[in-house]
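*Asks:* Below are the chains, spelled out letter by letter.
There are 2 protein chains.
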Amino acid sequence: MIGPQMATMLGVVVTDAALTPEVAQSALKAAVEDSFNCISVEGHMSTNDTVLLLASGAAGKQPLEGKNLAAFQSALNELCIELAKQIPDDGEGASHLITIDIRGARTKDDARWIARTIADSALVKTAIAGGDPNWGRIVSAAGYAGVPFDPASVDLTVNGFPLYEKGAPVAFDAQTVSAAIKANRETSVVLTLREGTAAIRFWTSDLNVEYVRFNADYTT
Amino acid sequence: MIGPQMATMLGVVVTDAALTPEVAQSALKAAVEDSFNCISVEGHMSTNDTVLLLASGAAGKQPLEGKNLAAFQSALNELCIELAKQIPDDGEGASHLITIDIRGARTKDDARWIARTIADSALVKTAIAGGDPNWGRIVSAAGYAGVPFDPASVDLTVNGFPLYEKGAPVAFDAQTVSAAIKANRETSVVLTLREGTAAIRFWTSDLNVEYVRFNADYTT
Chain A
1 MIGPQMATML
11 GVVVTDAALT
21 PEVAQSALKA
31 AVEDSFNCIS
41 VEGHMSTNDT
51 VLLLASGAAG
61 KQPLEGKNLA
71 AFQSALNELC
81 IELAKQIPDD
91 GEGASHLITI
101 DIRGARTKDD
111 ARWIARTIAD
121 SALVKTAIAG
131 GDPNWGRIVS
141 AAGYAGVPFD
151 PASVDLTVNG
161 FPLYEKGAPV
171 AFDAQTVSAA
181 IKANRETSVV
191 LTLREGTAAI
201 RFWTSDLNVE
211 YVRFNADYTT
Chain B
1001 MIGPQMATML
1011 GVVVTDAALT
1021 PEVAQSALKA
1031 AVEDSFNCIS
1041 VEGHMSTNDT
1051 VLLLASGAAG
1061 KQPLEGKNLA
1071 AFQSALNELC
1081 IELAKQIPDD
1091 GEGASHLITI
1101 DIRGARTKDD
1111 ARWIARTIAD
1121 SALVKTAIAG
1131 GDPNWGRIVS
1141 AAGYAGVPFD
1151 PASVDLTVNG
1161 FPLYEKGAPV
1171 AFDAQTVSAA
1181 IKANRETSVV
1191 LTLREGTAAI
1201 RFWTSDLNVE
1211 YVRFNADYTT
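Sequence lines, in order, name chains A and B. Take 1 as the starting number for the first sequence in the working numbering and just add one per residue. Take 1001 as the starting number for the second sequence in the working numbering and just add one per residue.
Treat the hints loosely; a few may be bogus.
[Said to hold, decoys possible] Where chain A lies over chain B, by a calculated footprint (3+ residues, C-beta under 8 Å):
#1 1035-1046
#2 1054-1062
#3 1132-1144
[To be verified] The following residues of chain B were derived to be distant from chain A, with all beta-carbon distances above 12 Å:
#4 1029
#5 1075
#6 1081
#7 1092
#8 1103
#9 1120
#10 1124
#11 1128
#12 1149
#13 1155
#14 1188
#15 1214
#16 1217
No wet-lab data here; the hints were simulated from the structure. Cβ atoms here follow ideal geometry from the backbone N, Cα and C, with glycine treated the same way.
Make the full structure from the sequences, and use the hints.
*Replies:* As structure tokens, then:
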């Protein structure tokens, strides 16, 4: 049950940096936006995910600002992404960590919604589990996300292999791409639109027999 | 890949009734609303589902109206529900046909959205596959559907057994309910809100190991 919009997950980040409560809150909110809110195992949002940032101030009395605060924010972003990625990577039975990049969207929310729809598609997740470079499942999931875009301007690569360009499938060696998916635990899906400049990176796990066993056999 | 909003499914209904094109279209639209648009296997909408109604008029030259048209509409509704139900019942690897009734919603769209969210939850579907009367997964899926309702006024029954009443779990014999889920191919989930009088019935299949095998091993 992982699709945190802050729900069963408990995350605690500690720092000795001095931060005012307001700055700590806004720094964490910004970091969470592109990390914990960009992951999904099966999209079933829980009711009690939490990420806390505790700042002791032991490193110095003066609250961070300017360049130092920017450096802190950057480190916090990186840390949250690292922690967030571990969740789908360690997803129930997961055999692939799938990174979905949406580029060229009109807004970041558009990009996130397309990414989430692809990430939560059981057909996309089972295709990756089976090493199937199934561009149709990915492109059609983007299509039903409810975000308008020009279908004739869509490019798709999987693990760097172009599968779909300007709205049409391209010739590719399915065996080579399939072998690349099977050989790597990490799968990269990059979908590029021509609607704007907004982008997002989203992480999910594949869906395989072990996930079903885990969740069908587990009784409350 | 079944979550038709009219997408890969092809349905053809034929009748010898006389119908004007306008009446045939509106009768079919009404019937589809509560049948083909109330099913989902995994929520991945396809791009070419179609339902056609062909009326030859061989039964009589006069287009149906009044009581006769009402009788035709009622038969058409029943037929479309029967056909639509067969899709999740025959879903890839499905071992349960799950009927989800949402009652007491503010609007029919609210009810449909809650039903669809429950139907598309991999955690709900795996629980039913495993015979797990997991009220928490069902209620939490309703909660994240994005439709506001008072959580303290929710009742839930599974196969007629009350599991949750007025927002809290009730004591039930988990073994009895589990045995009932396992013994029946059809599972009934009834979620009652206290927001209004709108209701919907929605059908889906469970999610088991066979679904994953089918979709992971199938290559385009």
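*Asks:* For each hint, tell me whether it holds in the structure or not.
*Replies:* Hints versus structure:
1. 1035-1046: holds (count 5)
2. 1054-1062: violated (count 0)
3. 1132-1144: Since three or more residues must qualify, the claim that chain A covers the region 1132-1144 of chain B holds, with 8 doing so at under 8 Å.
4. 1029: The assertion about residue 1029 of chain B holds, with a minimum of 20 Å to chain A.
5. 1075: holds, 32 Å
6. 1081: For residue 1081 of chain B, whose nearest Cβ neighbour in chain A is about 24 Å away, the distance exceeds 12 Å, so it holds.
7. 1092: violated, 10 Å
8. 1103: Given that every Cβ of chain A is farther than 12 Å from that of residue 1103 of chain B, nearest at about 23 Å, it holds.
9. 1120: violated, 8 Å
10. 1124: Residue 1124 of chain B not clear of chain A: closest Cβ-Cβ about 8 Å, inside 12 Å.
11. 1128: violated, 9 Å
12. 1149: Non-interface label stands for residue 1149 of chain B: nearest chain A Cβ at 14 Å, farther than 12 Å.
13. 1155: About 19 Å separates residue 1155 of chain B from the closest Cβ of chain A, which puts it past 12 Å; holds.
14. 1188: holds, 19 Å
15. 1214: violated, 8 Å
16. 1217: Given a closest Cβ separation of 6 Å, the condition is violated.
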